[in-house]
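Using the sequences and the hints, build the whole thing.
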Amino acid sequence: MSKFNISQYMGLVLLITFMVSCAGTKSPRHVDILPDLSELTGPPVLMQNETSPEGFDEFEDEFDAVPDLAVFDPLSGYNRAITKFNNNFFDYVLSPVSKGYNFVVPEGGRIGIRRFFKNLFYPLRFVNNVLQLKYHQAAGETARFLVNSTVGLLGFFDPAEAWLKLEAHPEDFGQTLGFYGVGPGFHIVLPFLGPSNLRDTIGLIPDTYAVPITYIPEIHLSGTSRTDRTFIALGVESYRRLNDASLRLEEYESLRRDALDLYIFLRDAYESNRAAQIKE
Amino acid sequence: MKKAVFVLIGLLLVTPPAYADDTAEVDAFLTKRLNNIMTLLQDKKLEKPERNDKIVVIITEAFDFETMAKLSLGKKHWPGLNKADQVRFTKLFIERLKASYLEKLDLYDDEKIVYSKPEQVKNKVQMMTALVSGDNKITMLYKLYKSKNAGWQVYDLELEGVSLITTYRSQFNEVLQTGTMKDLFSKLERPEAN
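Which chain is which? The protein sequence lines are A and B, in order.
Under my numbering, think of the first position of the first sequence as 1, with each following residue one higher.
Under my numbering, think of the first position of the second sequence as 1, with each following residue one higher.
Possibly wrong hints are sitting among the right ones.
As the list claims (entries may be wrong) - Just so you have them, the derived chain B footprint on chain A, three or more residues with Cβ under 8 Å:
id, region
1, 110-121
2, 184-193
3, 253-259
Stated by the list, open to error - Below, a list of computed lysine-lysine pairs in the DSBU-like style, where the Cα atoms sit at most 35 Å apart:
id, chain 1, residue 1, chain 2, residue 2
4, B, Lys124, A, Lys84
5, B, Lys32, B, Lys75
6, A, Lys279, B, Lys137
7, A, Lys118, A, Lys279
8, B, Lys122, A, Lys134
9, A, Lys99, B, Lys104
10, B, Lys182, B, Lys117
11, A, Lys99, B, Lys137
12, B, Lys182, A, Lys165
13, A, Lys134, B, Lys143
14, B, Lys143, B, Lys182
15, B, Lys112, A, Lys279
16, A, Lys134, B, Lys182
17, A, Lys118, B, Lys104
18, B, Lys122, A, Lys165
19, A, Lys165, B, Lys75
20, B, Lys32, B, Lys137
21, B, Lys182, A, Lys279
22, B, Lys54, A, Lys134
23, B, Lys112, B, Lys143
Stated by the list, open to error - In silico contact screen, one side only, chain A against chain B (beta carbon under 10 Å); selected entries:
id, residue
24, Phe63
25, Glu161
26, Glu237
27, Ser238
28, Glu250
29, Arg274
30, Ala275
31, Ala276
32, Lys279
33, Glu280
Calculated from the structure, these hints are not laboratory results.
Note that the structure is predicted; figures quoted are calculated from it, not measured.
Think of the CB as a built atom: it goes at the ideal place given N, C-alpha and C, for glycine as much as any other residue.
And the structure:
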């Protein structure tokens with residue numbers, strides 16, 4: 001009980017300080033919580049070779065426009081350590097457990113379970129679509145939820161997409177903040193959960209309120225204490241994540257093989273992926 | 001003044017069809033090649049090494065690997081390299097890119113490919129495609145430019161908004177910030193050891 005309340009309170013405080021620190025900056029669409037480092041570093045140092053080879057300049061402005069994350073990564077030491085931890089967790093816990101689970105539950109069943117949870121997370125997508133004024137998408141989400149919960153047998157199937165061509169539009173509070181111009185802030189790697197940043201980590205707190213699993217402790221089941229039910233909720237959420245991961249093991253393994261520097265690779269991939277999601 | 005207005009109107013009249021040609025060209029060029037790759041992937045009778053060789057032929061036509069190698073090091077590092085290092089880097093980078101692309105195709109071999117209309121971005125063209133299977137969808141954005149001698153060529157690929165060139169560039173940057181070109185070569189040669 002008490003734990004839950006503290007996190008609620010802390011979330012609120014963090015959110016308020018965050019909002020306040022962001023308010024009052026000039027352009028609403030491009031608030032960046034990174035300090036402007038250009039003043040500190042002065043004019044860019046001239047490159048040794050000013051004449052670039054033929055055909056270089058045509059592309060250079062495109063890739064130069066990409067913000068260099070390496071400029072401001074105050075947690076890089078911690079982040080690298082957690083990346084290593086998560087990677088080990090993947091190798092020694094998640095991957096073997098998933099493989100056992102895959103053996104018991106066939107892929108079709110796991111996809112059904114993933115759909116079931118996705119359907120259950122409808123309020124999260126609905127709320128954030130509304131907050132981003134994407135009313136059409138919010139309505140689409142509602143239609144999806146109604147169809148999939150009934151015809152789709154509690155969401156284990158997705159007739160809304162298969163028959164009605166209604167696609168899901170995943171949105172979360174981190175994206176909502178991004179939509180209103182809040183910059184990503186510095187990169188943070190969360191234990192077990194993986195890459196994130198200041199904005200998206202803060203976004204996780206309001207997100208929990210829009211997820212039904214959070215309310216399991218509120219259901220009065222005879223013979224269970226509140227603590228029991230909190231553990232049940234944690235168990236359900238862990239199971240959801242395990243099921244999701246079981247369908248994507250190879251994807252992570254393949255990405256990992258692509259990386260020369262796993263932390264930098266995951267960091268940049270996460271940040272550009274989020275930027276693209278917000279732009280949508 | 002009047003002249004300027006005429007020139008402007010003239011430009012407005014002339015440019016859109018020229019752009020439409022570009023996107024139509026890219027559409028034809030890329031769709032054909034990607035369809036061929038999908039056909040090869042779905043051909044279960046084909047042995048994997050043979051299949052991969054055929055796919056490599058197709059992507060070599062479509063991708064400008066040399067430019068991609070150059071771009072991934074960027075203006076910051078590429079011009080400072082001597083000829084031998086440039087050649088060695090290009091070779092290693094291309095091998096890696098091909099291997100990585102083939103591996104990704106293996107992951108998504110039972111999917112369907114959905115094409116969107118190509119879009120003109122200045123003098124380049126971008127074409128969004130999506131790999132769809134069941135409840136999963138992965139977007140792939142192909143970015144092409146018109147090269148002088150080879151026509152339309154892919155110079156970057158964005159997977160779910162993540163650019164290949166950008167991610168390689170920042171990793172190469174990181175390696176070169178603390179190490180030398182020699183370190184980069186050994187990492188490219190033995191990707192597992194990181």
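Are any of the numbered hints broken by this structure? If so, which, sorted upward? 2, 4, 10, 12, 16, 19, 21, 22, 26 and 27
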